Amino acid sequence: MLFAAETAELGHSAGWFLEQAYLIPLIPAIAFFIIIFVGKRLPWGGSEVGLISMVSSLVIAVGAAMQWIDRVNAGHGEEIEPVIRQWTWWQSGLVEFGVGQHIDGLAIMALVLVTFISTLVQLYSTEYVKGDRRYTHFFASLTLFSAGMLAMVLAPNMVQLILGWEIMGLCSFLLIGHWWEERANSEAALKAFWTVRVGDMGLLIGTAMLLGIFGTLDIKGINAAAAAGEFDSQRTLMLAAIALFIACIGKSGQFPLHTWLPDAMAGPTPVSSLLHSSTMVVAGVFLVARLYPVFHVGLEINAVGQSFNLIALIGGITILVAAALAFVQNDIKKVLAYSTVSQLGYMMMGLGVGAWTGAVFHIFTHAFFKCCLFLCAGSISHTASHHSFDMKKDMGGIWKKMPITFGAWMISTAALAGIPFTAGFFSKDEIIDSAKHNDYTIFYFVGIIGAFMTAAYMTRATYLTFFGQPRGAAAHFMGVEDHSAHHAGDVHAIDDHDDHGHDDHEIAHGRPFPFAPFDSGWRITAPLIVLGVLAVGAGYLNAPALDIHWFEHQTESSIGLPFAEHEEEVTEEAAAVTELAAGADGTVAAEDSGDEEHAAEEGGEHADPIYSVPEPPKFSWSAAAPGLILVALGGLISLGLSLAVFGKRKNPFSMFVGLTERNKVAGGIHNFLVNKLYLDHLYENIIVRWVAHPLSRAAYWVNQNVIDTTVDGVGKAGKNTGDWVYRNIDQRVVDGAVNASGVAASESGHALQPIQSGKVNQYGALLFGAAAVAAIVLIITNV
Amino acid sequence: MYAANFLVLAAALFCFGVFGVIARKNAVMVLMSIELILNSVNLNLVAFALMNSVAIDGHVFALFVIAIAAAEVGVGLAMVLMIYRNRRTIALDELSEMKG
Amino acid sequence: MTAPTYADNWILIVGTFLPLVGVAIMMFVPAAEQALHKQIAIVTSGATLAVGIYTLIKFDYNNSAAQQFAVNEEWISVIKSGFTIGLDGISLPLYFLSMCVTFLVVIYTYDNMPDAGNPKSFLSLMLVLQVGMAGSFIAQDLILFFVFFEVVLLPMYFMIGVWGGEQRQYASLKFFLYTMFGSALMLVAFLALFFQAGGESFSFAYLYEMGASIDKDVQIWLFAGMFIGFAVKVPMFPFHTWLPDAHTQAPTQGSVILAAILLKLGTYGFVRIAIPMLPQGALAWAPVIGILAVIGIIYGALGCLAQTDMKRLIAFSSVAHMGFVMLGISTLTPLGINAALFGMVAHGLITGMLFFIAGSVKHRYHTLEIKRLRGMLIQMPKMGWILGFCAMASLGLPGLAGFWGEFPAILATYQPGFGLSEPLYRTLMVIAALGTVLAAGYLLWLYQRTAMGEPNPEFMSHTDHGHGGHAAHSLSAAANQHDDHDDHDDHGADIEDVTLLEWVSWTPFLAAIVVFGVYPQLMFKLMDPAVTQLVNHVGAGLP
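Residue numbers (our numbering), protein chains in the order written: chain A, 23 to 805; chain B, 35 to 134; chain C, -12 to 530.
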């Protein structure tokens, strides 16, 4: 078909790296097979193959990025064509699918991001899972996981996208269930795969609908057709968009299918960090961004007078629900997991309100700081808390001993909370700002409340992890400075982790005693440092506050829709057209709003373009101020509460908390203070009551009892229905009918058995009797 | 020459034969009864052939029947002889081996 | 239809009937020479496969819509039936698959003879079976097809009835009667079609040409007869109840052949005979087929969830998967029929492989109770991974063969051909997509229960048993336990990992699942011209 021509045409213009970008997923995919088949025989158990493949992919991705930047700069002012290459994968009648690459700004961004993060995570893992029984398998899965994400990212059509999408599902199953000896882990893996699979139904259906609507599965073709309004029915397109969005809900852990994400923490920490930063969970967001014209047109985002739409709504709910849930977690990884869910909500909401650039940029920045946070959590558990992730039992006060981890954590937390001049600030602020700017006022408030909550729960987690009195395993760890390095060995012996214990022992001996830092090995800390730097630095690629729009400039051609040149005018024009259409053809307008909108689009067919996204708003400190104030408030309040509640320190907030508590709880301030003084486990209750008792409890209750139970219930009901159908219908009715015909034959045989007596005389009698009867009948009928 | 005479005689012979087949227990008697039946049929065939003087089908057919009856009796008697040797009886109702 | 080519026409005859030479030789070898029998069978089926490979080489891929290596000789001229055979893009994959599967199954038999023994009869039957299967795929004459179709029946009946499990008599009888019942109606429909079409010839080419002109009402009745005959073989809901019994009771070899090839005879019959010969009947019946197919998908999946026996679960999953195949066929579009044909091969490979595993598990543990099987990944890691691989392939993971049967079928269902009701088919599509979720559910659930966790102490030697307790605490302990297991191999000798012979007979399956999954065009390119031609023919036959 047309692919060959396209490739030839681009042959001289695009650079080598851009042309060969398909190698980026191919190299890890081949590496996967190498690791599986010969990995165990290699000196480092296959991890070197994985690392080398990721580094080579990274090199190609960076090369491609450079050439892409050249391409964008060279083609000033014009529409930048993506670099597409396809080879026929399969064909059937007139439908033909290719495998290949679709490289544009969005793909380049994701490619660099995924290869970079994967490289760091693999490096980290060589230390973290050292001595694991399935070391080789771990790296094989990790490599394939990256390959899946990369294949999805540069997919030129829906089929390759589904391929990458599902391969990630498989690898998440393998990695989450990496320690499948324990039932809980295998169940978490099953749950992850299954929940995502439920969403994937939408992907299959949506893809089929896209093929039906546009007659092609090429992403470029779909986007172009959707943007040009080349479809028959707005309603069908809307249904297709909803179906696809269901898949994104499942994959990106949006409400109400987010329940698998916290359970997925059963996997090794590097897996969590990879899963939650640049791969798997952002796949859903990426899909929406990739097919943005379909969603934008299908759901009529930014239509005049629209105050909410499905994507923004789901994103908004997810932000609040997940942030509320993050407050009640004791497991540091679960806090981070809920925080990821909440941040994914931001991305979705951003896409839902038309802030494409902000959302995509948030994918980019979020990957760095979230990956860093997870790796910090892993570093702590690896070195300080003996594979425990319980903040309240096994952590606390470790900031002194782990300066690198602590530093990286603090920077990333700042970025996550959106402190000015960190990466998270630039991306998140643009989303919130756009919500206001594009008249999605509700979501503006959701956004800033979410920012407030983020600051608060991260402060709580930080306090519990790094400050206060050391507890549990962390106390043992801190105890090293009092006694000697031998103690570390004892601790490990107790917990029966001989593989890790041996390693830590060496570290302990190798370090100057007593006041030197006691951080993790370089293979763990190096990724932390790099990511920590990027958690701040990445933001300066697109900092509206400093009037930097470089990232936007590089990726804007991937939106698939032009920017509205002057937002007000276009709005007016569209409104005018709507009126015009309504005036000209009252019946169409009367039918329903969707048709009316569509009529409006068709009416404006001559005006080029038909659909457009609003330009990102101009940054102003005054617009950002309410959000920033809330962030600061959230941080301070949470810090004060943490100090007051957990650190048992008097400060203005303890009075404040006390007062609130006294007003709310029938008990009085004394009672409350007493409780605060000696009961650690009440900590949760106080925070919960003060901040979001009804909300988070209800949300958690719904989470555990309604959604989770529904998921389980559907499974159980399926099983029961299966049982019932099998027992009653299959075995009784259907099979019964079959057996009954057999039984009937057998019974009639029994009934007729006496006739076959074997006595000649009897046979003769029968024969002649029958002949006589026949003769009589013959006579009667003939007479 | 009435056809009825032949037919009445043949019918009577046929009925004797049928009675013999059904009622007798002795295998030889049953064979003889079958002969009676066959011969009653022969009688009919010849009688009708006489009525229709052109065709000789009836005569030919009767000859065939006689030949086959001879063969049948030959085989039948041989079987009866073997049964008698093995079982020392030729009563038919004692020969049943089917578990009906 | 494209004109047949008669070059190299000995290939198909040799390829199909060569196994009979092996059977003839085995006749003259005493039954006591068991090893010799096995060797003869391997050599024969190997030679057959060699002819098959030669067929692949000589096949003209640019002309895959035409009948190639065709033979058209007089056979039973009294009833106007000729010995007409040929091979095109639709039949080649299945023809070749039957050869591969027989060869690999024979190899597998070398070490895993079913308990009843007597390799002479067992392998002779298997070779006869191969003749029937290959013959069905090359026949281009209704009577010839019917003969081959029925030749398949008897060997399988004896395989189940003699070498099967405890309830083999019941299962084999049910299988035989059910299929005979279908065949009877099918034969009636064949004969009626022959007379309605003018009674000149039984050859497919003639009936393709003349069938379309038959009255619509007559076509519907004729299609009904064929429908029941083929639907029993597929099997479609509600004619499927023989399948779980037959599969559960059949020896491993029987199950594999049954799943890999025999079920495909039914779907192949739809594509090759029923639909092109009776276009209007097909159009009238398509919604019924579609609905029953989707019921089969959901129903089979629910059935799977209820099973406690691994082999029975796999058997029920066949019902679901064949539902996807039939759904693809019922769309009457090139995309859907291509998907169906791909799905047939993919299902043959994947489910065949799953039955192999079930057989080997039974051989080692002497049970297939899912409750009693645990921790297969620890006791025999390779087997566990292969099971996982096949489960993933079976639930339709992209990149493995199963996906290319399901996904295009779903795509095609959105837009059925020839004005079939879109709302109906779109509803079916949504329900079928739900089926993929359920498939993931029961397969992963099976995998979790059988392969993950700690092994059942019941199947562990005493030394291992001691370690089982604390192995759960940490990874390293689990690793140690693994080492211990190796050290005390004498105790756990009955639970050994995949043997060399199993590797030999399984690797081609596993490789094919990956190869076709990664590069489906290999098969689509072959089938597409023939399928497109077929669908165009159907379109031409409609008013």
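Hints should not be assumed to be uniformly reliable.
Calculated cross-link-like contacts (lysine-lysine; reagent style DSBU-like; alpha-carbon spacing at most 35 Å) [said to hold, decoys possible]:
1) C/Lys25 - A/Lys152
2) A/Lys422 - A/Lys242
3) C/Lys369 - C/Lys358
4) C/Lys369 - C/Lys349
5) A/Lys242 - A/Lys741
6) C/Lys67 - C/Lys45
7) C/Lys369 - C/Lys67
8) C/Lys203 - C/Lys45
9) A/Lys741 - C/Lys349
10) C/Lys369 - A/Lys152
11) C/Lys45 - C/Lys349
12) A/Lys62 - C/Lys203
13) A/Lys741 - A/Lys458
14) C/Lys369 - A/Lys741
15) C/Lys349 - A/Lys738
16) B/Lys59 - A/Lys152
17) A/Lys741 - C/Lys358
18) C/Lys512 - A/Lys738
19) A/Lys738 - C/Lys369
20) C/Lys349 - C/Lys25
21) C/Lys45 - C/Lys25
22) C/Lys358 - A/Lys242
23) C/Lys369 - A/Lys62
24) A/Lys458 - A/Lys152
25) A/Lys62 - A/Lys152
26) C/Lys358 - C/Lys45
27) C/Lys512 - C/Lys369
28) A/Lys62 - C/Lys45
Derived from the structure by calculation, the hints contain no laboratory data. No experiment lies behind these values; they were computed from the predicted model shown.
Against the structure, the hints come out as follows:
no. : hint                : in the structure
1   : C/Lys25 - A/Lys152  : 48 Å, violated
2   : A/Lys422 - A/Lys242 : 53 Å, violated
3   : C/Lys369 - C/Lys358 : 21 Å, holds
4   : C/Lys369 - C/Lys349 : 16 Å, holds
5   : A/Lys242 - A/Lys741 : 42 Å, violated
6   : C/Lys67 - C/Lys45   : 31 Å, holds
7   : C/Lys369 - C/Lys67  : 55 Å, violated
8   : C/Lys203 - C/Lys45  : 41 Å, violated
9   : A/Lys741 - C/Lys349 : 25 Å, holds
10  : C/Lys369 - A/Lys152 : 22 Å, holds
11  : C/Lys45 - C/Lys349  : 41 Å, violated
12  : A/Lys62 - C/Lys203  : 65 Å, violated
13  : A/Lys741 - A/Lys458 : 48 Å, violated
14  : C/Lys369 - A/Lys741 : 30 Å, holds
15  : C/Lys349 - A/Lys738 : 28 Å, holds
16  : B/Lys59 - A/Lys152  : 97 Å, violated
17  : A/Lys741 - C/Lys358 : 15 Å, holds
18  : C/Lys512 - A/Lys738 : 43 Å, violated
19  : A/Lys738 - C/Lys369 : 31 Å, holds
20  : C/Lys349 - C/Lys25  : 22 Å, holds
21  : C/Lys45 - C/Lys25   : 30 Å, holds
22  : C/Lys358 - A/Lys242 : 50 Å, violated
23  : C/Lys369 - A/Lys62  : 14 Å, holds
24  : A/Lys458 - A/Lys152 : 49 Å, violated
25  : A/Lys62 - A/Lys152  : 14 Å, holds
26  : C/Lys358 - C/Lys45  : 50 Å, violated
27  : C/Lys512 - C/Lys369 : 34 Å, holds
28  : A/Lys62 - C/Lys45   : 42 Å, violated
Violated hints, listed in ascending order, are 1, 2, 5, 7, 8, 11, 12, 13, 16, 18, 22, 24, 26, 28; each of the other numbered hints is respected by the structure.
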